[in-house]
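Chain A is already provided as a structure; the job is to place chains B, C and D on it using the hints.
4 protein chains.
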Amino acid sequence: MSEQPDFYQDINDGFIRLDAYMADDLSVVNSARVSFGQDTDALRDKDIGLINYLMRWRHGTPFEHNAFRFHVKCPIFVAREWFRHRIGSFNEFSARYSEMPSTFYTPRVEDIRQQRGKQGNYEYTPIFETSENDAREARRAISDANERAYGTYLYLLQLGVAKEQARLVLPVNIFTEFYWTVNARSLMNFLELRTAPAAQQEIREYALAAETMFAEVMPYTYKAWVTNGRICP
Amino acid sequence: MSEQPDFYQDINDGFIRLDAYMADDLSVVNSARVSFGQDTDALRDKDIGLINYLMRWRHGTPFEHNAFRFHVKCPIFVAREWFRHRIGSFNEFSARYSEMPSTFYTPRVEDIRQQRGKQGNYEYTPIFETSENDAREARRAISDANERAYGTYLYLLQLGVAKEQARLVLPVNIFTEFYWTVNARSLMNFLELRTAPAAQQEIREYALAAETMFAEVMPYTYKAWVTNGRICP
Amino acid sequence: MSEQPDFYQDINDGFIRLDAYMADDLSVVNSARVSFGQDTDALRDKDIGLINYLMRWRHGTPFEHNAFRFHVKCPIFVAREWFRHRIGSFNEFSARYSEMPSTFYTPRVEDIRQQRGKQGNYEYTPIFETSENDAREARRAISDANERAYGTYLYLLQLGVAKEQARLVLPVNIFTEFYWTVNARSLMNFLELRTAPAAQQEIREYALAAETMFAEVMPYTYKAWVTNGRICP
Amino acid sequence: MSEQPDFYQDINDGFIRLDAYMADDLSVVNSARVSFGQDTDALRDKDIGLINYLMRWRHGTPFEHNAFRFHVKCPIFVAREWFRHRIGSFNEFSARYSEMPSTFYTPRVEDIRQQRGKQGNYEYTPIFETSENDAREARRAISDANERAYGTYLYLLQLGVAKEQARLVLPVNIFTEFYWTVNARSLMNFLELRTAPAAQQEIREYALAAETMFAEVMPYTYKAWVTNGRICP
Numbered sequence: 019m020s021e022q023p024d025f026y027q028d029i030n031d032g033f034i035r036l037d038a039y040m041a042d043d044l045s046v047v048n049s050a051r052v053s054f055g056q057d058t059d060a061l062r063d064k065d066i067g068l069i070n071y072l073m074r075w076r077h078g079t080p081f082e083h084n085a086f087r088f089h090v091k092c093p094i095f096v097a098r099e100w101f102r103h104r105i106g107s108f109n110e111f112s113a114r115y116s117e118m119p120s121t122f123y124t125p126r127v128e129d130i131r132q133q134r135g136k137q138g139n140y141e142y143t144p145i146f147e148t149s150e151n152d153a154r155e156a157r158r159a160i161s162d163a164n165e166r167a168y169g170t171y172l173y174l175l176q177l178g179v180a181k182e183q184a185r186l187v188l189p190v191n192i193f194t195e196f197y198w199t200v201n202a203r204s205l206m207n208f209l210e211l212r213t214a215p216a217a218q219q220e221i222r223e224y225a226l227a228a229e230t231m232f233a234e235v236m237p238y239t240y241k242a243w244v245t246n247g248r249i250c251p
Numbered sequence: 019m020s021e022q023p024d025f026y027q028d029i030n031d032g033f034i035r036l037d038a039y040m041a042d043d044l045s046v047v048n049s050a051r052v053s054f055g056q057d058t059d060a061l062r063d064k065d066i067g068l069i070n071y072l073m074r075w076r077h078g079t080p081f082e083h084n085a086f087r088f089h090v091k092c093p094i095f096v097a098r099e100w101f102r103h104r105i106g107s108f109n110e111f112s113a114r115y116s117e118m119p120s121t122f123y124t125p126r127v128e129d130i131r132q133q134r135g136k137q138g139n140y141e142y143t144p145i146f147e148t149s150e151n152d153a154r155e156a157r158r159a160i161s162d163a164n165e166r167a168y169g170t171y172l173y174l175l176q177l178g179v180a181k182e183q184a185r186l187v188l189p190v191n192i193f194t195e196f197y198w199t200v201n202a203r204s205l206m207n208f209l210e211l212r213t214a215p216a217a218q219q220e221i222r223e224y225a226l227a228a229e230t231m232f233a234e235v236m237p238y239t240y241k242a243w244v245t246n247g248r249i250c251p
Numbered sequence: 019m020s021e022q023p024d025f026y027q028d029i030n031d032g033f034i035r036l037d038a039y040m041a042d043d044l045s046v047v048n049s050a051r052v053s054f055g056q057d058t059d060a061l062r063d064k065d066i067g068l069i070n071y072l073m074r075w076r077h078g079t080p081f082e083h084n085a086f087r088f089h090v091k092c093p094i095f096v097a098r099e100w101f102r103h104r105i106g107s108f109n110e111f112s113a114r115y116s117e118m119p120s121t122f123y124t125p126r127v128e129d130i131r132q133q134r135g136k137q138g139n140y141e142y143t144p145i146f147e148t149s150e151n152d153a154r155e156a157r158r159a160i161s162d163a164n165e166r167a168y169g170t171y172l173y174l175l176q177l178g179v180a181k182e183q184a185r186l187v188l189p190v191n192i193f194t195e196f197y198w199t200v201n202a203r204s205l206m207n208f209l210e211l212r213t214a215p216a217a218q219q220e221i222r223e224y225a226l227a228a229e230t231m232f233a234e235v236m237p238y239t240y241k242a243w244v245t246n247g248r249i250c251p
Numbered sequence: 019m020s021e022q023p024d025f026y027q028d029i030n031d032g033f034i035r036l037d038a039y040m041a042d043d044l045s046v047v048n049s050a051r052v053s054f055g056q057d058t059d060a061l062r063d064k065d066i067g068l069i070n071y072l073m074r075w076r077h078g079t080p081f082e083h084n085a086f087r088f089h090v091k092c093p094i095f096v097a098r099e100w101f102r103h104r105i106g107s108f109n110e111f112s113a114r115y116s117e118m119p120s121t122f123y124t125p126r127v128e129d130i131r132q133q134r135g136k137q138g139n140y141e142y143t144p145i146f147e148t149s150e151n152d153a154r155e156a157r158r159a160i161s162d163a164n165e166r167a168y169g170t171y172l173y174l175l176q177l178g179v180a181k182e183q184a185r186l187v188l189p190v191n192i193f194t195e196f197y198w199t200v201n202a203r204s205l206m207n208f209l210e211l212r213t214a215p216a217a218q219q220e221i222r223e224y225a226l227a228a229e230t231m232f233a234e235v236m237p238y239t240y241k242a243w244v245t246n247g248r249i250c251p
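Chains as they are written, first to last, in this note's numbering: chain A, 19 to 251; chain B, 19 to 251; chain C, 19 to 251; chain D, 19 to 251.
Worth flagging that the hints you see were computed from the coordinates, not collected in a lab.
Computed from a predicted structure; not experimentally measured.
Be aware that one or more of the hints could be misleading.
If chains are identical, the list can't say which one is meant, so a pair holds when it fits in one copy or spans any two.
As the list claims (entries may be wrong) - Pairs of lysine to aspartate or glutamate, DMTMM-like flavour, derived with a Cα cap of 25 angstroms:
#	residue 1	residue 2
1	181	210
2	241	24
3	181	99
4	181	31
5	136	152
6	136	63
7	136	147
8	181	150
9	181	162
10	64	234
11	181	165
12	136	229
13	136	65
14	136	195
Here chain A stands alone, though its shape is the one from the complex (with noise of 0.2 angstroms):
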């Protein structure tokens, strides 16, 4: 249950870590025959079967016994997604009594992004695909801001400025930290919607890593919610 290569991954300057669990795909099973006896110590073929069954027609509950703890540092923008998400328990570094540290998150010149077309079916390309140039201006546009930002971050603070005051001048993409305790049907819900194409790039990062995370501590409830169409049951 100690934090494993597996079970951290870089993204940007941020990162997202499994830092325990307590799931496995025995507890769907468990769960979902609780009755006079029957528990199980190993998964069996039909247990598999049982999974897919629950997951087919929606049965929720039996995916829930079970906890991940992610620990995770990202941009405030997608921290601000992610905590949208209420079946689940945050914890977040306070800029109220700390300073923040000077850590942004600045796209790659292949990473920044034109939208076309209408809401609800929007396409993202790359802007560079155009103009190299303009995707280069954009990369120094944003960095020289987050710089300009910090500096005067830095010169609320020294002015006396509480922190919770001059925080206000910190873009949203300055990074942020938190713990994330979640059971796997919240998680899917989670995995559903920020991996899903329509899904902001950001987040979707940080989702597929925890997708990998997910796959690996319950693997059968994460085939079948893939054979299911990745719908939360």
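Below, chains B, C and D without anything else, positioned relative to chain A:
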């Protein structure tokens, strides 16, 4: 994380068993301090102080980054109170699809109670103390009722009535079984309410057993909860 | 917002009543479009399209900015299924402090069912069709069981047994009463599960009545839910 | 249920508005007393006593059978604290699909604060009192930072950068807008935490305005909450 003798307790003809957990005091500290690289691997004196501080000032979220999975066998009227606790996960034996075994809660003669006083301030005393005969008679009446009800249940099944409908005649003192997964914060809320003197004695016994298990897994959190009036943060 | 004839329905010896609500289709649109000054006061064609779009793509949160308060009288075994729905609020009659009235659910002869087929694919047919006698006999057995159980209940109370303990002998087909407050999203989840053919007939009747009331209050949301497969967004 | 002057309050360049509600003190009483035909239509003296009793002994559920829908415009750093309250519903303006207007929270000179003391016991005093010049300078620095950040935002949009990515440079003091639907119990929890002296001044102003509206809609519940230490039941 496997079952240990201390994590199992018989209660009348039922039981409560801590099936698995992902919990320790350290997770409270690390999630409360989530910040750039300040995690610790062992609990220090100042960490214990922090746990007490969080409990006292009702900062509840750091107590959520953990999970306890209990397996419980108890009468339906106890389960009914238990399932009112919404922050947590339940999977219960279904009498729609399985035949209910003939196990009923019949209070011992010395556990038959009378209720005195006004609402909000009831007192319960053993009928035994006033009239041993009435207590024995009450127990006998409950025991007979169990048998008659179960007899009717079997008769209905024999007539071909669906299990989900035959169960209509089963009383709320028949035993059911379920899995319950819950974090320490929600567990403390359960313990606050269900170990209180005003709680019904029959669920109190389960709650007191759960309290012992909680105390063993998160001793400093438990101690802080007791010191601060057994109030959920 | 006061009770109207359409918002009340008798079900066997119980009822479901829409006590109050704060809900309309417009709130879905305005919350989905929350933005600088674009609220509308009346529903336009494109708003109806938006509701359908949200339902189809499972954007659920705009369906949460409303509330329905139901008052329900139903048998305990129905309430037990109902209370499994955690996103919502319940307050129930307490048999710890009040004497339970003698009202039981006794299925009509033509409603006594037999169960055929395998789990996940059960079929229920009236026993009446096979043997009128068995159906009558089953109804009589349930009716007799009610009387005996209630007799024992009164006897225990007479012996001085506390209400909370005397209730042990009451069967799960006795009627209870509760308030349930829920938003449209959670209500649609309830309706999806409890109006389904696989739901137990006795809760289905309540769910179908709730569906009628929901349809009246939020007609376009209701229509979108039906069109998109009666699946909760 | 339509908007009234008292249910709207300007806060800096934002506002809080009670858009709709389904709430009164009577619903607390009726849900607490849910029982066979004992509903009342008007609040009696003993009902007010019951509300106080429920609050004092922390019987929270009867305070959940109601709903308040607020419409809020506030800076992102305020919204960030707000959205941590999980029992309730949110829909927020999305900067992925719409251009953020140029409205920023710039504290008035007399509102620029310094922080003194230790964590858990901070005191905040106006910098103005120590140095008027530093306060003015701090305000000017924030104001300049807003302009520069918004300038970069527009520049990125002009370069063709997608809205969702251009927003990276926007600081957390830019205004956002959202709907929030919540019941009285969860609202009291919000008020307990966010009107407390330890809360950040900027969210406190919103919480105090929400408190006024709550007091108007559920006066006896409000009074009982105040009398019992402003603690959420």
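Here is what the structure says about each hint:
{"no.": "1", "hint": "181 <-> 210", "verdict": "between (37 angstroms within a copy, 23 angstroms between copies)"}
{"no.": "2", "hint": "241 <-> 24", "verdict": "within (18 angstroms within a copy, 36 angstroms between copies)"}
{"no.": "3", "hint": "181 <-> 99", "verdict": "both (24 angstroms within a copy, 15 angstroms between copies)"}
{"no.": "4", "hint": "181 <-> 31", "verdict": "both (23 angstroms within a copy, 22 angstroms between copies)"}
{"no.": "5", "hint": "136 <-> 152", "verdict": "within (23 angstroms within a copy, 48 angstroms between copies)"}
{"no.": "6", "hint": "136 <-> 63", "verdict": "between (46 angstroms within a copy, 19 angstroms between copies)"}
{"no.": "7", "hint": "136 <-> 147", "verdict": "within (21 angstroms within a copy, 53 angstroms between copies)"}
{"no.": "8", "hint": "181 <-> 150", "verdict": "between (39 angstroms within a copy, 19 angstroms between copies)"}
{"no.": "9", "hint": "181 <-> 162", "verdict": "both (22 angstroms within a copy, 18 angstroms between copies)"}
{"no.": "10", "hint": "64 <-> 234", "verdict": "within (21 angstroms within a copy, 36 angstroms between copies)"}
{"no.": "11", "hint": "181 <-> 165", "verdict": "both (18 angstroms within a copy, 21 angstroms between copies)"}
{"no.": "12", "hint": "136 <-> 229", "verdict": "neither (29 angstroms within a copy, 34 angstroms between copies)"}
{"no.": "13", "hint": "136 <-> 65", "verdict": "between (45 angstroms within a copy, 17 angstroms between copies)"}
{"no.": "14", "hint": "136 <-> 195", "verdict": "between (34 angstroms within a copy, 22 angstroms between copies)"}
Violated hint: 12 only; the structure is consistent with all others.
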